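Engineer: Whenever a hint applies, use it, and build me the whole structure from the sequences.
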Amino acid sequence: MQLGFLPSFPLTFSYALLFGALLVAGMVGGEVARTFRLPRILGYGFVGFLCAPFAQALGLDLLIDEARIFVNLALGLVLFDLGRRFDLQWMKRDWTLAASAAAESLLSFAAVFATLLALQVPMIDAGLAAAIAMTTSPAMLLFTVHETRAEGQVTERAMTIVGMNGLLASIITTMMVASSHLADSTQVEVALLHPIYLFFGSLAVGAAMAWLTRVVARNIEKSKDVHFTLIVGMVVGAVGLATMLKLPVILTLLAFGIFSRNDDRGYELLNVNLAPLGRLLYIVLFVITGASVPVEALASAGVVALLFLAARGLGKLVGILAVAPIGGLRMRQCLGLALAVQPMSALTLLMAHDIGRIFPQFGHSLGDVFIAAVIIMEIAGPLAVQAGLRLAGETVPDDGSMTLPPRTASTRGA
Amino acid sequence: MGLDFRVSEPLTFGVELELMVLNTRDYDLARGAADLLARLAKADLPGEVKPEITESMIEINSAVNRSYDTLLSQLGAVRDAIVHAADRLNLAIAGGGAHPFHRWTERRIFPTERFLKVSNLYGYLAKQFTVFGQHIHIGVASPDDAVYLTHALAPYIPHFIALSASSPFAQGQDTSFETSRLHAVASFPLAGQMPPVITWHEFSRYFDEMQGYGIVGSMKDFYWDIRPKPEYGTVEIRICDTPLTIELAAQLAAYAQTLAADLLENRRLEPVEPLYRVYGYNRFQACRFGFEAALVDPYGKKHVNLRDDLLATLDRLLGRSVALGTTMPLRALADLAREGRSGAEWLRTEYAATRSMPDVVRHQALLWRGEAAARR
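Same order as they appear, the protein sequences are chains E and F.
Position in the first sequence counted from 1, then plus 291, gives you this note's numbering.
Position in the second sequence counted from 1, then plus 142, gives you this note's numbering.
Mixed in with the good hints there might be a few duds.
Stated by the list, open to error - Which residues of chain E face chain F? A few of them, derived with a C-beta cut under 7 Å, are:
hint, residue
1, Trp381
2, Arg384
3, Asp385
4, Glu442
5, Gly443
6, Lys513
7, Tyr558
Unchecked claim - If you want the footprint, here are the derived chain F segments under chain E, 3+ residues with CB under 8 Å:
hint, segment
8, 174-184
9, 225-234
10, 498-506
Said to hold, decoys possible - Pair by pair, the computed Cβ-Cβ distance ranges are:
hint, chain 1, residue 1, chain 2, residue 2, range
11, E, Ala601, F, Arg490, 50 to 60 Å
12, F, Pro253, E, Val319, 27 to 37 Å
13, E, His644, F, Asp186, 53 to 63 Å
14, F, Arg490, E, Phe519, 19 to 29 Å
If you're looking for bench data, these hints aren't it; they were derived computationally from the structure.
Keep in mind the model is a prediction, meaning the values are calculated, not measured.
Even for Gly, the Cβ is constructed at its ideal location relative to N, Cα and C.
Structural biologist: Here it is in structure tokens:
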């Protein structure tokens, strides 16, 4: 009897099964972390670390390759969200906000650049690494803000600063592409035109998508459900469009978000909450990030990574402490803000990966440093954000209650 | 005896306004009171800015005033200072009696000892008390006058409700009321009205009794619509929604001042009990129907239309308003009543035009700033 209708052995896991399994496993890891009063993201990353040894057997490495588009989607959503919180009007009214973002970006660039040069890293690699070091993981910040229900000046300013340092870093790295062409001794025209295409192409696609989104929004019902679908569709489309046109996804989506917010004079687009969808994508993203970073990198590059993170962290701290108090922030708020902009994660890996494709020697010399730094930050990042937002007094107390236990039943003193 | 009445200059007046602190993304309530207050602490303001029960509220108090003009200019100065400070923090400020779509579960209690005690005692009522009212203080020459005026003002409470009404929406829905704010107040056990005592001596005995039971510690514990305020030597009218503009807030105060002047001079001699038999019904009518309310006149034993009653009262006060300098604001209120231009009507028109609650609140915040674009 032929049993050809049965699956053949050994069974191969389908991507859907893997995706579902990672989602549930990540969620469980997050809840375990929660019972220890730790941020859930820590649990997701930890589940990823646990999966890493079996990654190959499970076909996870294939999923990771196949998942690049999915990583882009997740990142696209969060970058768009971040771009929407990037408020140029606010920067105009409070110059210290833009100045503290510029200060923390530039000082972290300078500190990392100097540290890497001191460690004998070639100048161009050190410059690229320093540019990537400017960025903060927007996902870790948004996720932790959502989880702790943080609200206030530090939360709002952290979002804007992270948007700004992401923007600065992607502009600098895009411009540095030119030097790779010069190093390859291709024509000067290409060396000039390529970065211009990348930069203005991203801005143009971002602006066009924002315009199109508003046109559609103007002609449909102004309800949150409808606008949610519109925005998710447009974000996914923008990721696809950027990939198709060989434009940087990061800059395109950031530009899309920024134009959506700052060009919407008619307030046609509702501010919908993308977090529920983002959460699903991010659980899997953090598990995959955890599973895909080889822990061995810690042994080979751990020390350099620690120096790198220390220089970066110090640059951000000094930059914020130098400017934010002028804007009226109290010391606890400034320290909280400096902690909240520390995380590094998938965005960093993605930028390092993209640059490694253009500059292969960069991947060889510093690839492991970034991986080791991301491993450390998978743990330290969420803790830093949580501690920062707590220090600033912006999180909801852990027990969720606002009251003291009743001592008397009297109405006196009310 | 726990109550000392500090006599003040008769007919001086002042206002307290509770205001919404909003984010500028979707114009929901935001947690910003502490940062705003810290920023305003250095400013030299004619009056005070204080925290309220949740972190999305601030309260401004004017100084003690003799005239409408100085009150209006004071409120303008304080408003401008707050709006400027809010701009720097990317927050917006608005008037209105209740936020149209905020969720009370997301509110956080402002951590002062008193507010934590209120929250501890009243549970979720404390967060639901994130509503925004205007209080008007009128100075009186003696504690007996305070008791008298508290009763004498009671029949006019529906006027103040209809004129200030600006909370037709709650939890994202049209409540069909002109003001939904007063329901949040009514849940408290010590809400309502002063008992029908006639002299300060009687009132003090009542207060001592309540204090003896442990029900109250101070006058603050009575959440009455009108109450004597012995610390200030005033009668405090607490029924109004915070209007959408400081101009209307000052006009309402001018109405209260002129009315008090009239009531103190032409003393009402009727017994107070019949007043309170119809009080709750009249209050409901005004909250629900605004200027169209059908009020019961317990002395004439008939129904009167609120708008007619209000216009007749304003007309009667015009003579007295000349000396007080309140003619202009009283005329403005009469126009407003005649045309039915309440804050509630403004908000409903905005919603009909935009079909979006965040847009309504955004326009509300522009109107509060006094920006021409949002004015009609």
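Engineer: Now tell me if each hint is right for this structure.
Structural biologist: Now for the hints, and whether the structure bears them out:
no.: 1; hint: Trp381; verdict: holds, 4 Å
no.: 2; hint: Arg384; verdict: holds, 5 Å
no.: 3; hint: Asp385; verdict: holds, 5 Å
no.: 4; hint: Glu442; verdict: holds, 4 Å
no.: 5; hint: Gly443; verdict: holds, 5 Å
no.: 6; hint: Lys513; verdict: holds, 5 Å
no.: 7; hint: Tyr558; verdict: holds, 6 Å
no.: 8; hint: 174-184; verdict: holds (count 4)
no.: 9; hint: 225-234; verdict: holds (count 4)
no.: 10; hint: 498-506; verdict: holds (count 4)
no.: 11; hint: E:Ala601 with F:Arg490: 50 to 60 Å; verdict: holds, 59 Å
no.: 12; hint: F:Pro253 with E:Val319: 27 to 37 Å; verdict: holds, 35 Å
no.: 13; hint: E:His644 with F:Asp186: 53 to 63 Å; verdict: holds, 56 Å
no.: 14; hint: F:Arg490 with E:Phe519: 19 to 29 Å; verdict: holds, 27 Å
The structure agrees with every numbered hint stated previously.
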